[in-house]
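Undergrad: In case you want the letters, here they are:
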Amino acid sequence: MAEPIIQLVDITKKYGDFTAVDHLNLTVNRGEIFGLLGPNGAGKSTSILMMLGLTEPTSGEVRVCGINSTTHPIEVKTRVGYLPEDVGFYDDRTGLENLVYTALLNGANRSEATQLATELMSRVGLADQMSKKTGKYSKGMRQRLGLADVLIKNPEVIILDEPTSGIDPKGVQKLLDLIVELRNEHQISVLFSSHNLHQVQQVCDRVGIFVEGKLIAEGNIQSLSQQLFTHGMYLIELGLDEKSLPKNTNPDALWLKQILEPVEGVQKVTRANGLFQIECAGDVSSAVSKRIIERGLGLNFLNRKEYGLDAIYNRYFEGGV
Amino acid sequence: MQFITVILKEEFKMNNSSSSSVRPFWVIVNKEISDTVRSWRFLIMLGLIVLTCMGSLYTALDDFSQAIKASAPEGTFFFLKLYTHTDGTLPSFIVFISFLGPLLGISMGFDSINSEQNNGTLSRILAQPIYRDFVLNAKFVAALIVLGILFFALSLLVLGFGLLFIGIPPTAEEFLRIVVFTVVSIIYVAFWLNLAILFSVKFRQAATSALAGISIWLFFSIFFGMIVNLIAKGLAPSVFVSENQVVAFQRFIQNIMRINPGQLFNDATTSLLMPTVRSLGPLTTEQMSGAIPSPLPLGQSLMLVWPQTTALIAGTIVFFAIAYTMFMRREVRSR
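Sequence lines, in order, name chains A and B.
Be aware that the first sequence starts at 1, since it is given in the UniProt record's numbering, and climbs by one per residue.
Be aware that the second sequence starts at 1, since it is given in the UniProt record's numbering, and climbs by one per residue.
Just chain A, same shape as in the assembly (with noise of 0.2 Å):
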């Protein structure tokens, strides 16, 4: 069984009237990569804040490391390293000094704190950036130099709060590819907060989808589908030869739901611009056209759509459920 490192147990934090997060639950195992993703506002920031005992919530209790992140703050943020969003350094010092600074914050020496930064500088690829103010560093850069200055203090846990954010497409493939590179490395936890689904897809183990305060499904991309969609993770669309038909049928829904009864995990059937459009619960392309050839139709159009996070994200976000 896996074992928990981050636990929110019905946490609730309101700003007077305004609910930020409503009974939250959640866990992320040790190892994972959790996937926060929801829109501006959901409340994702307000709960990694809680995680780190910078604010604390209304009720319910949180725990990181097994420890209370609000009353024991201190411990919990010698194991836990934070980027918080759109990161800030001391833009009048080199990356390598904000980055000693930080390891003698959390307690090194100079010497282990100069070697340490030295060897992350250069794991982020930003060896020969080590001298510059950071004053004059990309946002890229940043935020590969905000990734170091996380890992300086050797976390169980990294909290990355929209990491991505502002980065060109490359700068976030190399961010993403490093993240992935140290959680294989040193079997450290991530939590990834983010709006951008493709980006979360990519890389996380598990992904919670968080709209106004409130979870509403965790799980991988999968069991997100199968929770979200109780029809249809799958759209086969379908186009029969009209001179195919044979004579006195209706081409209808009806009909071709008939033809297709014996094929598994067929939901749903229905037509439109010409076009059958078949909802299943599995890829059942090949069975679906092979059943029309048995049946001596003529098959001219196939397309198989997934419902990726996409959908169920778009899905969430237009408030439809």
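These are calculated hints, taken from the structure and not from any lab test.
Careful, some of the hints might be misleading.
Okay, the calculated bits of chain B under chain A, using three or more residues with CB under 8 Å as the criterion [claimed, not checked]: (1) 23–31; (2) 129–140; (3) 321–334.
In silico EDC-like pairs for lysine to aspartate or glutamate, Cα to Cα no more than 16 Å straight-line [to be verified]: (4) A:LYS257 to A:GLU279; (5) B:LYS31 to A:GLU279; (6) B:LYS31 to A:GLU97; (7) A:LYS136 to A:ASP91; (8) A:LYS305 to A:GLU237; (9) B:LYS31 to A:ASP91; (10) A:LYS133 to A:GLU97; (11) A:LYS133 to B:ASP35; (12) A:LYS14 to B:GLU331.
C-beta: ideal position from N, C-alpha, C; glycine also.
Dock chain B against chain A, hints included.
TA: Then chain B, alone, in the frame of chain A:
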């Protein structure tokens, strides 16, 4: 016996852990000091203050023969004249300190918290295993250390130059008076420093907090006197009232004046550097009768300025406490 060793061991452990958790505090202090010393703002203020001090020292020395010609009892403390005497072309050293000190304090504190917040460094630093108040305390302590070094250096510099030009060393009491004066100046600047830190916690924009600090400073150094004069004119008793009433009125006006921290500082420094000052309030002839016209000893001067000094310290603490509570209760988000 065994019990005691156990307790001692526990104690030892606790000491160990507390010393390791205090170390980051000095890391921050270190960084803040080096930041301050490197910053252009501080260098400009330093240049300004050093220049004015040299100027006032020059005027004091230029006219020094005038100063020490005075009557015998004052003459014994002529070294202190270096700090207070002026030939009228430039204000004296203490006037400069009371005028520029607040500006120095404000310039050192006005962006201490909000700039960190705006640069996004505050949330990163607070995510490190340090207590939150370390940030605020360390900034205050760092500024205080820099101020302390600066003011002692300035005072001793004036002393040294005086020594070179006059050729007579100061007496031990004069030296002690100079040291106490320096300490009071540091407290005075720390008062403004804390006001500025308070504004830096309160206002998100550094410009707003700087302006707030400077406007309070201007209010007290320019307008407050005028307002008190207006009140005094309005309330002035007629010529025919009893002596007691006149004295009470004088006291009242003086107490209003003392709301101004600059006034407190001036009261304190004048009585420290001019031992002949016997009282900061009005003295009746009865009180003066039988008094020996000699300067006060240091202990008596200290007693005279004690209320002023404690008031300044209290103000400093109050501002710091307000800033502290506001900062501790605030939720720190990135930018």
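Undergrad: Between the region 321–334 of chain B and chain A, are there enough contacts, at least three residues with CB-CB distance under 8 Å, for the coverage claim to hold?
TA: holds (count 4)
Undergrad: Tell me if the straight-line CA distance from B:LYS31 to A:GLU279 falls inside 16 Å.
TA: violated, 63 Å
Undergrad: Below or equal to 16 Å on CA atoms is what counts here, so check A:LYS14 against B:GLU331.
TA: Given that 16 Å is the threshold and the Cα spacing comes to 13 Å, the pair holds.
Undergrad: Is B:LYS31 within 16 Å of A:GLU97, Cα to Cα?
TA: Given pair B:LYS31, A:GLU97 holds - Cα atoms ~10 Å apart, limit 16 Å.
Undergrad: Would the hint linking B:LYS31 and A:ASP91 be met if the CA-CA limit is 16 Å?
TA: holds, 14 Å
Undergrad: Count the residues of the region 129–140 of chain B with a beta-carbon closer than 8 Å to any beta-carbon of chain A: does the count reach three?
TA: holds (count 3)
Undergrad: Going straight from one Cα to the other, do A:LYS133 and B:ASP35 come out at no more than 16 Å?
TA: holds, 14 Å
Undergrad: Can the region 23–31 of chain B be counted as covered by chain A under the rule of three residues or more with Cβ-Cβ separation shorter than 8 Å?
TA: holds (count 5)
Undergrad: Holds or violated: are the alpha carbons of A:LYS133 and A:GLU97 at most 16 Å from each other?
TA: Distance ~9 Å between A:LYS133 and A:GLU97 Cα, so the pair holds.
Undergrad: Below or equal to 16 Å on CA atoms is what counts here, so check A:LYS136 against A:ASP91.
TA: Holds, because 8 Å separates the two Cα atoms, which is no more than 16 Å.
Undergrad: Has the given pair, A:LYS257 with A:GLU279, been kept, meaning a C-alpha gap of at most 16 Å?
TA: Answer holds: A:LYS257 to A:GLU279 is near 11 Å, not above 16 Å.
Undergrad: Is the hinted pair A:LYS305 and A:GLU237 satisfied, with a Cα-Cα distance of at most 16 Å?
TA: holds, 8 Å
Checked against the numbered hints given earlier, the structure breaks only hint 5 and satisfies all the rest.
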